[in-house]
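Counting from 1, position 265 in the sequence shown corresponds to residue 265 in this note's numbering; the numbering is continuous, with no gaps.
It should be emphasised that the hints constitute simulated quantities derived from the structure, not laboratory data. Each residue gets a CB set at the ideal place from its N, CA and C atoms; glycine is no exception. Some clues are possibly wrong.
Label-pair ranges, simulated between beta-carbon atoms [unchecked claim]: (1) 221 to 358: 57 to 67 Å; (2) 296 to 381: 24 to 34 Å; (3) 352 to 15: 43 to 53 Å; (4) 14 to 268: 34 to 44 Å; (5) 8 to 434: 51 to 61 Å; (6) 149 to 390: 22 to 32 Å; (7) 45 to 352: 33 to 43 Å; (8) 10 to 268: 34 to 44 Å; (9) 33 to 161: 23 to 33 Å.
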Amino acid sequence: MSSSNIVPLLIASTLVLAAGAGVAIYTGRRTNAAGDWLVAGRSLPLYVIVFTQFATAVGGGVLVAHVGLAYSFGWAYFFYPGFVLLGFLLLSLIATWLRRQEFSTIPEILGRLYARHPVITVLAALASIVVPFGWLATQFVAFASLFSTITGVSTHWLTLIMCAVTLVFVLPGGLRSVAWSDFLLGVVMLVLSLTVAAYVLNMAGGWSGITSSVPDAVTSLPSGLGTAGTTTVLLWLFAIIPGTLTNQLYFQRIFSIRDIGQARKSLVISGLLVLVSGVYAFVIGLSARALNPEFVSGDPEAAPGWLLTQLPTLLLAVYAAFLVATIVSTTGSALQSVTTNVVKDLCVNVLGRSEGPGLVRVSRVVSVVAAILAAALAIAYPTALTWLVATYAYSASILAAPIFIGYWLHRRRGRLEATTAVAGMLGGLVGCTAAHIAGTTVPYAVFGIVSSVIVMLVAHLLNPGRRSEPQGSGVSTTTAGGN
Numbered sequence: 001m002s003s004s005n006i007v008p009l010l011i012a013s014t015l016v017l018a019a020g021a022g023v024a025i026y027t028g029r030r031t032n033a034a035g036d037w038l039v040a041g042r043s044l045p046l047y048v049i050v051f052t053q054f055a056t057a058v059g060g061g062v063l064v065a066h067v068g069l070a071y072s073f074g075w076a077y078f079f080y081p082g083f084v085l086l087g088f089l090l091l092s093l094i095a096t097w098l099r100r101q102e103f104s105t106i107p108e109i110l111g112r113l114y115a116r117h118p119v120i121t122v123l124a125a126l127a128s129i130v131v132p133f134g135w136l137a138t139q140f141v142a143f144a145s146l147f148s149t150i151t152g153v154s155t156h157w158l159t160l161i162m163c164a165v166t167l168v169f170v171l172p173g174g175l176r177s178v179a180w181s182d183f184l185l186g187v188v189m190l191v192l193s194l195t196v197a198a199y200v201l202n203m204a205g206g207w208s209g210i211t212s213s214v215p216d217a218v219t220s221l222p223s224g225l226g227t228a229g230t231t232t233v234l235l236w237l238f239a240i241i242p243g244t245l246t247n248q249l250y251f252q253r254i255f256s257i258r259d260i261g262q263a264r265k266s267l268v269i270s271g272l273l274v275l276v277s278g279v280y281a282f283v284i285g286l287s288a289r290a291l292n293p294e295f296v297s298g299d300p301e302a303a304p305g306w307l308l309t310q311l312p313t314l315l316l317a318v319y320a321a322f323l324v325a326t327i328v329s330t331t332g333s334a335l336q337s338v339t340t341n342v343v344k345d346l347c348v349n350v351l352g353r354s355e356g357p358g359l360v361r362v363s364r365v366v367s368v369v370a371a372i373l374a375a376a377l378a379i380a381y382p383t384a385l386t387w388l389v390a391t392y393a394y395s396a397s398i399l400a401a402p403i404f405i406g407y408w409l410h411r412r413r414g415r416l417e418a419t420t421a422v423a424g425m426l427g428g429l430v431g432c433t434a435a436h437i438a439g440t441t442v443p444y445a446v447f448g449i450v451s452s453v454i455v456m457l458v459a460h461l462l463n464p465g466r467r468s469e470p471q472g473s474g475v476s477t478t479t480a481g482g483n
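Modelling step: build the complete structure from the supplied sequences, incorporating the hints.
See below:
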């Protein structure tokens, strides 16, 4: 790419980053308390929550993987963002209760449902950390790979640059600075994605141009909904919904909303915005297929990269700004979530560190260390990060049943025995591992979650404990379940 083309690309990307960093620094300038860092002082308005959920959910995968899926499957691709929306809707069923209890992390949810035990906290913290840390490392790789192709700069340097940029968004105020910068970046993402999609659709000759070049089986309804096949759709279902229901990044935003009564609404609106991002991927994917069908028999995920070479300089600059906004919103959210687990769960709840002003300094140190570790992993193993996809399965297998079955049992019996949670978590881990090693055709997360439910219920029947009001909840068992 010529230097004349690179200059506007860099200018657009820099402007987006500068604006986002400015918001992060401004909103985080008075962050002195741990509550500000961990849950933004529980003061975020609905519109900020909606866009930070949207920006967090729509990561770099929409830029490449989702476009590739739409390129291959057409209308059937919408099952994917549809399952994300369904996960948000299911999570909304307990959103009001979650916000009312003033949690900061997923392990604290388990601490409310079960008798407190350090094993529960440690296992839940590790299961909560592994997914966002994986997101962090893979987004570093995605940014370095895409921009190295465009600019010719070494992937090592680009990884370090994105590491530094991410810290600029996180260090000023933790979730407070991340959420407000996500609001700006989310708006930018929404506007630019629709702009790029409209231009590319025009390149393909509009919808009529797509339907005349792409097989009817992909573009027509209802036949287009079956192109992915039942097996693939089920794989998406069992991967996406459990992952959504146990992803701490989404929980933290519920914890931080200012108006408790709007917690449920925030998830519904955020899920609908995810569907809008699905429209972007759908249009880009089918437009690319209409313009160049050669990727059908090859690698569909290469289609977005080819499409980049067809864009005029100005639109390429817009696309680069969209790419930067998407990736930075994900890396900032992921890093802040990892830091929250380490500081709140391990340092405070397990090691007993005081929650004074010094906890913010500790959080900043942990953020720097975690970012450097993720960057080192991205540089050392840029092609070996696909195993991190398995973290969704293992995390969901460990956390899903203890959270949701535990919530259901908690409403009826009050606080449950710690052995019930530990049994469910270990049962999920063993079941998921066994199915993974066996190479089952059914997603191994299913075996993990089913194993967790069975083992957990058996453990509860053997040792149900004494029926009591949940300790420290401030509400009765009946009230806690009433959303």
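Evaluated hints:
1. Between residue 221 and residue 358 the beta carbon distance is about 59 Å. The supplied range of 57 to 67 Å therefore holds.
2. Range check, residue 296 to residue 381: about 31 Å between beta-carbon atoms, so the 24 to 34 Å window is met.
3. Residue 352 and residue 15 have their C-beta atoms about 46 Å apart, which keeps the hinted 43 to 53 Å range intact.
4. Restraint check, residue 14 to residue 268: a C-beta distance of roughly 35 Å satisfies the suggested window 34 to 44 Å.
5. Take residue 8 and residue 434: their Cβ atoms lie about 53 Å apart, and the range 51 to 61 Å holds.
6. Under the hint 22 to 32 Å, the C-beta atoms of residue 149 and residue 390, about 27 Å apart, fit the expected range.
7. Roughly 34 Å separates the CB atoms of residue 45 and residue 352, a value that falls within the hinted 33 to 43 Å.
8. Evaluation of the 34 to 44 Å hint for residue 10 and residue 268 yields a pass: the beta carbon distance comes to about 38 Å.
9. Checking the proposed 23 to 33 Å range against residue 33 and residue 161 shows it holds: the Cβ atoms sit about 31 Å from each other.
Consistency with the previously given hints is maintained throughout, with no hint failing.
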